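Protein chains in written order, with the working numbering: chain A, 98 to 305; chain B, 98 to 305; chain C, 98 to 305.
Since the hints were derived computationally from the structure, they do not count as laboratory data.
Nothing here was measured: the structure is a model prediction, and the numbers come from that model.
Some hints here could point you the wrong way.
All copies of an identical chain are treated as equivalent in the list; a pair is satisfied when it fits inside any one copy or across any two copies.
To be verified - In silico EDC-like pairs for lysine to aspartate or glutamate, Cα to Cα no more than 20 Å straight-line:
(1) 213 with 245
(2) 213 with 252
(3) 213 with 270
(4) 213 with 189
(5) 213 with 159
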Amino acid sequence: MDWVAADYSSLLWWLDMTGTFVFGLSGGMLAVRRQLDLFGVIVLATAAATAGGAIRDMAIGDQPAAVLRDPSYLLVTFAAGLTAFFLHRLIERASRPVMLLDALGLGTFTIAGTQKALIFGLHPASACMIGVLSAVGGGVVRDLLVTEIPRVLREEIYAVAAIIGAVLVVLGDRSGWPPLATAAIALAATFLIRILSVRLGLRIPRAP
Amino acid sequence: MDWVAADYSSLLWWLDMTGTFVFGLSGGMLAVRRQLDLFGVIVLATAAATAGGAIRDMAIGDQPAAVLRDPSYLLVTFAAGLTAFFLHRLIERASRPVMLLDALGLGTFTIAGTQKALIFGLHPASACMIGVLSAVGGGVVRDLLVTEIPRVLREEIYAVAAIIGAVLVVLGDRSGWPPLATAAIALAATFLIRILSVRLGLRIPRAP
Amino acid sequence: MDWVAADYSSLLWWLDMTGTFVFGLSGGMLAVRRQLDLFGVIVLATAAATAGGAIRDMAIGDQPAAVLRDPSYLLVTFAAGLTAFFLHRLIERASRPVMLLDALGLGTFTIAGTQKALIFGLHPASACMIGVLSAVGGGVVRDLLVTEIPRVLREEIYAVAAIIGAVLVVLGDRSGWPPLATAAIALAATFLIRILSVRLGLRIPRAP
């Protein structure tokens, strides 16, 4: 049914823009904390929100990268940067909703990235890697730009939630689940694992 | 008239090589200051001069990247690296001409990058982003390689000059100005804004 | 003779996987030393082993990148990460064999990268640059991810061995030597120069 496909892709677009905005906020907030100027705030917002997808597209060969084809991405990251610049105190206090939205963005980026890699014919293992890279790559570039060891390498079960989401997308694709159901299950899993890991303070083991 | 096009593209090539050399110098000088060996000096010269254009080409899908197609780029960056290695004291004292040439390189790289992105059919906003990335990306990679927060994020109106140049290129393209006139205006604007910002010590605001 | 070609490419594959494993070990060991968790260990192993080749493929336009087409690469880097995680004490003590294997990986990656760039029609100078970038790029990304100045910029004749190997590949290609002989000579040269430089403590000059 066409209206399902249309609704689904429109839903995906909105989820994608939400993820872009929240990841942009994370970049903008880090820039404010590191006392960068307005340009630096917008650069870090853009890097955090778009670098993961740009690396994904360059690695699989979908060029120009999606972020360059739909100007909505740049508009949304600029809005996120300006929001961080002018409202950083407000956002600092709203750490809980920001964390929830960030978990949503993590799920959306992972699922969209993994699905795209599968569509480009990648092996399931490569598709998972690309999905996770889409979701965490922006944060890595954001942190490196201010010479911090990327948070995803230091803290909490962030990437693990993305890995499980990516594996679920691949499983669903292999098992012939309806794409909408696959995406919903993978999104819910990524989101909940991320939220629970923060709540329960779960950590991944270090070397013995 | 063909000879205008030929002259124009030959002029662009010379401007491009000038920018490549000066950006290469900036990388080589940083490497000397950080006491890297000869290989490190040449790597930083190459990164500073070519990484911006390479990222641009990978993002828009023009491959092999331009720097790999015309060996003049590598020749010029090697020359810049060797110059920095052997003549760093001389260059240190010539900070004013180096700054002027750097402002010229900033303008050239911005304009060439933005024009190329427009030729590849990118949206004007994306073309501006790619133009600015072409011009400042090399400096970002240069600074990250020695784990410094990129200068463009910390100091002065460097990127803003590039942004204005890129916007002028897009405006000229949209308004049907002759490409040569557009390039000249955008180059002059980028160059002058950069020079004036250094002279007057202008800065971009930080978050309130 | 087909069996020569088959043997040659099968040999290259095994050398490539050996290089991937040892480079992966180097990433995993650095991550353990910096007390990253299991995910971080695997990320650094993957970055060290695959980022050089991925940058090579994105720059020359061979997409999806080779690391995404043959899942063996990911399998081998995961194995290297897990080995570093669980056996880091053992590996620490086996520094000499690890260094020998690393020199082998340096040679293999350089030669494979340079040959690939020549096959893609690049200028010899560009092919050398791409060959060296294939071999040292992974280590650069590995070190930047933990905000260290890349070892290749700080220490010993590592890159120089790769440069000589790449030049030999180009020379052999130009002079019509049999590919197998070219590869063998270039591999031996890179390997021996690297080993000797460590033994003799050779260094590249710093700026006067």
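With identical chains, the pair residue 213 and residue 245 could be close in the same copy or across copies; at 20 Å between alpha carbons, which is it: within, between, both, or neither?
neither (30 Å within a copy, 33 Å between copies)
Copy assignment of residue 213 with residue 159, given that the CA separation must stay at most 20 Å
both (10 Å within a copy, 18 Å between copies)
Homomeric proximity label, residue 213 with residue 189: Cα distance no greater than 20 Å:
neither (34 Å within a copy, 40 Å between copies)
At most 20 Å between alpha carbons: which applies to residue 213 and residue 270, within, between, both or neither?
Only inside one copy: residue 213 and residue 270 sit 12 Å apart there, 33 Å across copies, limit 20 Å.
Is it within, between, both or neither when you check residue 213 against residue 252 at 20 Å Cα-Cα?
For residue 213 and residue 252, neither the intra-copy (28 Å) nor the inter-copy (39 Å) Cα distance is at most 20 Å.
In this structure, the earlier hints numbered 1, 2, 4 are contradicted, and the remaining ones agree with it.
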